[in-house]
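Chemist: Here is how the chains run, residue by residue.
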Amino acid sequence: MGQLLAFLFKFRAFFTFLVLEILCIWLIISNNNYQKTVFINTASGLVGSITESSDEISDYFELNKVNKELAAENERLRALLFNREVSLDSIGQPLIDPDTTDSIQYYLRTAEVIDNSVANSRNFFIINKGSRDGIEPNMGVINSLGVVGKIRSVSHRYATAVSVLNTSNAVSARHKTSNRLGTVQWDGVDPQKAKLLYITRDVELQLGDTVITSGFNAIFPKAMTIGFVSSIEPDPNQQYWDIGIDLSVDFGSLEYVYVIENRQKIEKDSLVQSDPLNQQ
Amino acid sequence: MNRNFAILTISFLVLIPVQVLVLEHMALFNLGFCFLYLLFVLLLPVELGHSKGMGIALGLGLVIDVFAATIGIHAAATVLLMFLRPFWLRVIIPRSGFEVNVLPSIANYGLVWFIVYAGPLVILHTLAFFFLEAAGSGLFWITLSKAGLTSVISLVFMITIQYLFYPKGKS
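So the sequence lines, in the order shown, correspond to chains A and B. Numbered per this note's numbering, the first sequence finishes at 281, counting up by one with no gaps. Numbered per this note's numbering, the second sequence finishes at 218, counting up by one with no gaps.
Check the hints yourself; a few may be wrong.
[Stated by the list, open to error] If the Cβ cut is set under 8 Å, some of the chain A residues that face chain B in the computed set are:
{"no.": "1", "residue": "L5"}
{"no.": "2", "residue": "T17"}
{"no.": "3", "residue": "N33"}
{"no.": "4", "residue": "I220"}
Honestly, the hints are just simulated from the structure, not real lab data. It should be emphasised that the depicted structure is a prediction, and the values quoted were computed from it without experimental measurement. No residue lacks a Cβ here, since even glycine has one placed at the ideal position from N, Cα and C.
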């Protein structure tokens, strides 16, 4: 102890210097937006490259489960394909839209989750695609089971995303049978359950009802599954229902996800922002 | 001692307003700024310890930062300068040694000594400042030319101001 104190005292100038510089850098990062972005992007690039190598090992243990998920997804897609009515008279119904540039609104990119957490109250995950693959902040992230999150920041090869399991991340949602609009928000307790907020008391609900995305915020397409109603109680204010939902995605074992690019997002957002009521 | 204290107080009261009100808004060729406020920390007594020096640097830097809307950047660079200053002073000690209660200015130790003393410190300060501002080495050459030009301008201003307004002769 005495030696430690002597050491600290001998180099006190240097330690004072370190403390003051750390204070300054903390001030810089918390007060200057540009420096903050650079810091977050560098950090996510560095963390990404470390966690990717550890994730490559754990991939082998998940292969079985991933195969099953992919088989299930294939099955569903094939069923969709067979159920599509193929008309014999192909002249009457052109199968391809005349203007294909406008008709493709959503563009999907597969990515692998290389770091993930469910234990915090604000959970983030990192994927192995970044700006060089065309990932941008505010894109939606889904997997075959439902909504997973939104991209927060992007470095060259990696991107961090805000999970639905993040108490400050709300997803615009809809109760499927009644078509009522609400908001899904995680309460920070159980990684398999979240809350559906702002559904008024006049809506008739049943256990097991599907909760889907509204498609209003241009991040997620319409009618993606978020979860299923698991508990219904009147809230203390007697104004809304207190609805618990079982999330359809198993966040504890995220492996492969799709990042959604909405080609019309800029157009839609610019329309929202040009609202004269919002301008000061 | 009292005379030194008066010189430093007046320096502080004049240099800081000049820096935040006038010099912040000037940029030569859009590259060169003038960090005249560094003259104040450079003139601080030679005997001043590390901790006090860095404390003063932090406060001063933050004042400049608040006005320049660069919270923390001036402070970080100035703390770096004040951390290195005692080491540098030990290296460039004049032949006769430092006299007690004498400020390290041109009037006391001569122009050449002052340039040797202030030059490297100012260059390091501006390098730290501009690389922190650019947050990395992305715009390496622009940042480097900014730092170089700013150091030269700052030094020229510091020397001119000392010849024009500071008392001559040994204090």
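Chemist: Could you run down the list of hints and mark each one as holding or not?
Modeler: For each hint, the structure was consulted:
With a least beta-carbon distance of about 19 Å to chain B, the hint placing L5 (chain A) at the interface is violated under the 8 Å criterion. For T17 (chain A), the interface hint holds, since its Cβ comes within 8 Å of a Cβ in chain B; the closest pair sits about 5 Å apart. With a cut of 8 Å, the hint placing N33 (chain A) at the interface with chain B holds, because the nearest CB-to-CB distance is about 6 Å. The interface hint given for I220 (chain A) is broken, as the beta carbon of that residue sits about 28 Å from the closest beta carbon of chain B, more than 8 Å.
This entry does not satisfy hints 1, 4, going by the numbered hints stated previously.
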